[in-house]
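Asker: For reference, the chains in residue letters:
There are 2 protein chains.
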Amino acid sequence: MTDVAEVIQRVIPNVIPDENLVRKAKSVEETIKSRLETILGNYPEIEYRFLGSYARNTWLPEGLEIDVFLLFPESYSFEELEKVGIEIGKQIVDSYELRYAAHPYVHGTVDGVEIDVVPCYRLKSPERIKSAVDRTPFHHEWLKDRIKGKENEVRLLKRFLKAGGIYGAEYRVRGFSGYLCELLIVFYGSFENLVRNASRWRRDLVIDVENEEVRVKKGLQNVLVIDPVDRKRNVAANLSVDSLAKFIERCRLFLEEPSEEFFIARESPVSAERLNYELENRFVYVVVFERPPIVEDNLYTQLERAEKRIKKLLEENEFQVMRTGHHAGQNCYLLFETLSGEVSGVKKHYGPKIESYENSMRFIRKNREYSRFFENGRYVTYRTRRLKKVEQVIEHAIRTQHESMGKDVSDYIRYGSVYSGREILKLDDLLHTLADFLGVKE
Amino acid sequence: MTDVAEVIQRVIPNVIPDENLVRKAKSVEETIKSRLETILGNYPEIEYRFLGSYARNTWLPEGLEIDVFLLFPESYSFEELEKVGIEIGKQIVDSYELRYAAHPYVHGTVDGVEIDVVPCYRLKSPERIKSAVDRTPFHHEWLKDRIKGKENEVRLLKRFLKAGGIYGAEYRVRGFSGYLCELLIVFYGSFENLVRNASRWRRDLVIDVENEEVRVKKGLQNVLVIDPVDRKRNVAANLSVDSLAKFIERCRLFLEEPSEEFFIARESPVSAERLNYELENRFVYVVVFERPPIVEDNLYTQLERAEKRIKKLLEENEFQVMRTGHHAGQNCYLLFETLSGEVSGVKKHYGPKIESYENSMRFIRKNREYSRFFENGRYVTYRTRRLKKVEQVIEHAIRTQHESMGKDVSDYIRYGSVYSGREILKLDDLLHTLADFLGVKE
Numbered sequence: 001m002t003d004v005a006e007v008i009q010r011v012i013p014n015v016i017p018d019e020n021l022v023r024k025a026k027s028v029e030e031t032i033k034s035r036l037e038t039i040l041g042n043y044p045e046i047e048y049r050f051l052g053s054y055a056r057n058t059w060l061p062e063g064l065e066i067d068v069f070l071l072f073p074e075s076y077s078f079e080e081l082e083k084v085g086i087e088i089g090k091q092i093v094d095s096y097e098l099r100y101a102a103h104p105y106v107h108g109t110v111d112g113v114e115i116d117v118v119p120c121y122r123l124k125s126p127e128r129i130k131s132a133v134d135r136t137p138f139h140h141e142w143l144k145d146r147i148k149g150k151e152n153e154v155r156l157l158k159r160f161l162k163a164g165g166i167y168g169a170e171y172r173v174r175g176f177s178g179y180l181c182e183l184l185i186v187f188y189g190s191f192e193n194l195v196r197n198a199s200r201w202r203r204d205l206v207i208d209v210e211n212e213e214v215r216v217k218k219g220l221q222n223v224l225v226i227d228p229v230d231r232k233r234n235v236a237a238n239l240s241v242d243s244l245a246k247f248i249e250r251c252r253l254f255l256e257e258p259s260e261e262f263f264i265a266r267e268s269p270v271s272a273e274r275l276n277y278e279l280e281n282r283f284v285y286v287v288v289f290e291r292p293p294i295v296e297d298n299l300y301t302q303l304e305r306a307e308k309r310i311k312k313l314l315e316e317n318e319f320q321v322m323r324t325g326h327h328a329g330q331n332c333y334l335l336f337e338t339l340s341g342e343v344s345g346v347k348k349h350y351g352p353k354i355e356s357y358e359n360s361m362r363f364i365r366k367n368r369e370y371s372r373f374f375e376n377g378r379y380v381t382y383r384t385r386r387l388k389k390v391e392q393v394i395e396h397a398i399r400t401q402h403e404s405m406g407k408d409v410s411d412y413i414r415y416g417s418v419y420s421g422r423e424i425l426k427l428d429d430l431l432h433t434l435a436d437f438l439g440v441k442e
Numbered sequence: 001m002t003d004v005a006e007v008i009q010r011v012i013p014n015v016i017p018d019e020n021l022v023r024k025a026k027s028v029e030e031t032i033k034s035r036l037e038t039i040l041g042n043y044p045e046i047e048y049r050f051l052g053s054y055a056r057n058t059w060l061p062e063g064l065e066i067d068v069f070l071l072f073p074e075s076y077s078f079e080e081l082e083k084v085g086i087e088i089g090k091q092i093v094d095s096y097e098l099r100y101a102a103h104p105y106v107h108g109t110v111d112g113v114e115i116d117v118v119p120c121y122r123l124k125s126p127e128r129i130k131s132a133v134d135r136t137p138f139h140h141e142w143l144k145d146r147i148k149g150k151e152n153e154v155r156l157l158k159r160f161l162k163a164g165g166i167y168g169a170e171y172r173v174r175g176f177s178g179y180l181c182e183l184l185i186v187f188y189g190s191f192e193n194l195v196r197n198a199s200r201w202r203r204d205l206v207i208d209v210e211n212e213e214v215r216v217k218k219g220l221q222n223v224l225v226i227d228p229v230d231r232k233r234n235v236a237a238n239l240s241v242d243s244l245a246k247f248i249e250r251c252r253l254f255l256e257e258p259s260e261e262f263f264i265a266r267e268s269p270v271s272a273e274r275l276n277y278e279l280e281n282r283f284v285y286v287v288v289f290e291r292p293p294i295v296e297d298n299l300y301t302q303l304e305r306a307e308k309r310i311k312k313l314l315e316e317n318e319f320q321v322m323r324t325g326h327h328a329g330q331n332c333y334l335l336f337e338t339l340s341g342e343v344s345g346v347k348k349h350y351g352p353k354i355e356s357y358e359n360s361m362r363f364i365r366k367n368r369e370y371s372r373f374f375e376n377g378r379y380v381t382y383r384t385r386r387l388k389k390v391e392q393v394i395e396h397a398i399r400t401q402h403e404s405m406g407k408d409v410s411d412y413i414r415y416g417s418v419y420s421g422r423e424i425l426k427l428d429d430l431l432h433t434l435a436d437f438l439g440v441k442e
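Taken in order, these protein sequences are the chains called S and A. Residue numbers for the first sequence follow full-length UniProt numbering, so the first one is 1 and each next one is one higher. Residue numbers for the second sequence follow full-length UniProt numbering, so the first one is 1 and each next one is one higher.
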């Protein structure tokens, strides 16, 4: 048995950026500063600040990205802030693209290092924020001194989460945001102490970082981390219950058998033979369609919506759905596994109870396909079922119900194809997701 | 629209035995009397009495059967009563067999007319009865004057019920006993009045014949008819909810469109082509096994037990059962229709919630066939399913679980065969039941 502290000591060097990288970042920082000084000469009322993990030195070597915030006075309208912000951003970076969060911002590179230039308002108090990014300067203020000396603990945690596929608050992952990681380290003091505590976490915990207190709140469905900067806000709002569960599990496994493996993301090999066997032995279906050109978070929410809608339609057609999933790669994929692949050509149709004279007579006069019988005093008959196979139900769903499957996805999904059984193996960029979905990942 | 009363008038001649038959019955009655006078010379303490529908003149032409009861003093033990009763019975009839109800009795014929000779105790009050047949003399006493002048109303009702397949309290039918028919006619005064009232019946009615009162008893699951001879007894105890519902339905249909058809039992023709189509389009299975030589009521209760047991096993194997049935002809048959014929080669296996550290670790260490995942914070994995097809589950059930399927049936069912799909058409004496079961009876 290797000791937890010992493993952590061995991992630390791997999570710290090396001298060259730090020097490179510093020089890019200087370049940005000098460009900004020049440009902001024309905008004396706009300030700039380095925020985020770079500013607090909690970034991972593979995750260098410099966040520069432009702080506008409140006299600017949203439109002006956006327009001027993007204009300045473009001038700072070597090459750029526009990205969208609460509002558009500039993403680009300087000397090959990734840069975000984000315009926001300079406010006196976080209670008056106008959009989510306005909160970021306050987060930085709250954290910057408290995190000092614990930067590597944050890095350990981030790497640990990345290896488990639960780092990042984006919808695709629904894991732990960088800010959440830093708060947890401030709260528990160290990575090891966090892991020991989290191995006993429950879903109904409230973590009150500001008041240094953990309490149970009955009926709570998922961990609530109160933002010290805005107590109405849950920092873990985007964390899914399943990501939380995965984290708790990994904490336990790490404590039981500490190893550097917990800090390495491995895409395990997929056995085509095994996939083949599973696909023949089970009822699996995949809807494939072209990926619409929209922001990832929007795409994932809509994929999930489409997935739920199709699941519901399958259930309405009396198919028991064992699991559903989605994946966005080169194309978009919706995955379904059902208990059976085909159902009876008839469905049971329940009529009124015998007590109701009028409804009974109406039922008798209307139903002619099959004769009627009673089940515990209630009329029953059969009706012909048109959609007997899972493929038919899914085809029917995407061709006729696509409008309820998400605004941007709808027009792509309606022209999608349904794959079943071994055909699915043709979908190259789905195989890792598929292995995971079928539970055959090593 | 034909008038209800008019139809009834036209039917009455068909339900009354003709003169020849009545004369024949009278002569048999005389023969029995003279034989009994001779025999009972040796048993001065035993009386005899003609009871039942023959004695009250409520028998149908096709249903002539003369019930003779031998009334023993209470000084006789059960064994003596049985022994002497059977001995006398044998001497009365031309040919005989032993039958069993509460205890054995003699069934035979005299000049080709069916006779039951039933020994019972002669009691002062029905409260002290020792077996169900001891109640019969009291029933006769209660009815004999009250039914006078209404005999043909009883006959109409019996024929109406026979045509609907719901006459008789035996387990196979679970319909209306002859005694129940007579009480209902006494209560409602006429067949027509009964039909008009029954068309509005509900399951939670209490019919108190003695007090000439109908009342609703909340929560009651099936009509309760209080025996005027023993108020603790429900005369309709053997009537099933579905037979009741069928009766109510037939009353309504008869009132809406009166016709003599309601008094004629028709076995409608079965289309082999249609059956063939249904069997190909649905998932239908039949267990066939040799008929055990036991009393019909026992057989039917055990068939139902086996049917329920197999249904439960199918459900435990995740098959949704649409309908089950049974039939005893030359062989015994258990019928099953399921929503699908085959299920996935894996089944979902739920583990502990993430909150439980110890159970989670045990789950992780034990489950190796498939990898684990979370569903709303709870562990899930897959396990290999051995029985994927309905046939396999049923085969497995009758070969290994037959002991829980009814004492006498068990050893026959274990050597039964499972038929599915079109094969079922080979089972000649099942076809009418099958058509009914599939809802394709005209």
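In case anyone wonders, no lab produced these hints; they're calculated from the structure. Mixed in with the good hints, there may be bad ones.
Chain copies aren't distinguished; within one or between two, either way the pair holds.
With a Cα cut of at most 30 Å, we get these calculated DSSO-like pairs of lysine-lysine [stated by the list, open to error]: (1) Lys441 - Lys347; (2) Lys353 - Lys441; (3) Lys388 - Lys407; (4) Lys24 - Lys218; (5) Lys130 - Lys312; (6) Lys83 - Lys150; (7) Lys150 - Lys308; (8) Lys366 - Lys217; (9) Lys144 - Lys389; (10) Lys353 - Lys218; (11) Lys246 - Lys366; (12) Lys33 - Lys124; (13) Lys148 - Lys90; (14) Lys441 - Lys348; (15) Lys353 - Lys217; (16) Lys130 - Lys24; (17) Lys347 - Lys312; (18) Lys150 - Lys353; (19) Lys389 - Lys348; (20) Lys83 - Lys389; (21) Lys246 - Lys347; (22) Lys232 - Lys218.
Asker: Each hint should be assessed against the structure and marked as holding or not.
Answerer: So, going through the hints one by one against the coordinates:
no.: 1; hint: Lys441 - Lys347; verdict: between (38 Å within a copy, 17 Å between copies)
no.: 2; hint: Lys353 - Lys441; verdict: between (51 Å within a copy, 22 Å between copies)
no.: 3; hint: Lys388 - Lys407; verdict: within (29 Å within a copy, 40 Å between copies)
no.: 4; hint: Lys24 - Lys218; verdict: neither (50 Å within a copy, 84 Å between copies)
no.: 5; hint: Lys130 - Lys312; verdict: neither (38 Å within a copy, 60 Å between copies)
no.: 6; hint: Lys83 - Lys150; verdict: neither (38 Å within a copy, 100 Å between copies)
no.: 7; hint: Lys150 - Lys308; verdict: neither (42 Å within a copy, 66 Å between copies)
no.: 8; hint: Lys366 - Lys217; verdict: neither (54 Å within a copy, 32 Å between copies)
no.: 9; hint: Lys144 - Lys389; verdict: neither (59 Å within a copy, 63 Å between copies)
no.: 10; hint: Lys353 - Lys218; verdict: between (42 Å within a copy, 16 Å between copies)
no.: 11; hint: Lys246 - Lys366; verdict: between (54 Å within a copy, 18 Å between copies)
no.: 12; hint: Lys33 - Lys124; verdict: within (24 Å within a copy, 116 Å between copies)
no.: 13; hint: Lys148 - Lys90; verdict: neither (32 Å within a copy, 109 Å between copies)
no.: 14; hint: Lys441 - Lys348; verdict: between (40 Å within a copy, 16 Å between copies)
no.: 15; hint: Lys353 - Lys217; verdict: between (46 Å within a copy, 18 Å between copies)
no.: 16; hint: Lys130 - Lys24; verdict: neither (35 Å within a copy, 105 Å between copies)
no.: 17; hint: Lys347 - Lys312; verdict: both (17 Å within a copy, 20 Å between copies)
no.: 18; hint: Lys150 - Lys353; verdict: neither (70 Å within a copy, 33 Å between copies)
no.: 19; hint: Lys389 - Lys348; verdict: both (17 Å within a copy, 21 Å between copies)
no.: 20; hint: Lys83 - Lys389; verdict: neither (54 Å within a copy, 65 Å between copies)
no.: 21; hint: Lys246 - Lys347; verdict: between (41 Å within a copy, 22 Å between copies)
no.: 22; hint: Lys232 - Lys218; verdict: within (18 Å within a copy, 52 Å between copies)
Against the hints set out earlier in the document, violations occur for numbers 4, 5, 6, 7, 8, 9, 13, 16, 18, 20.
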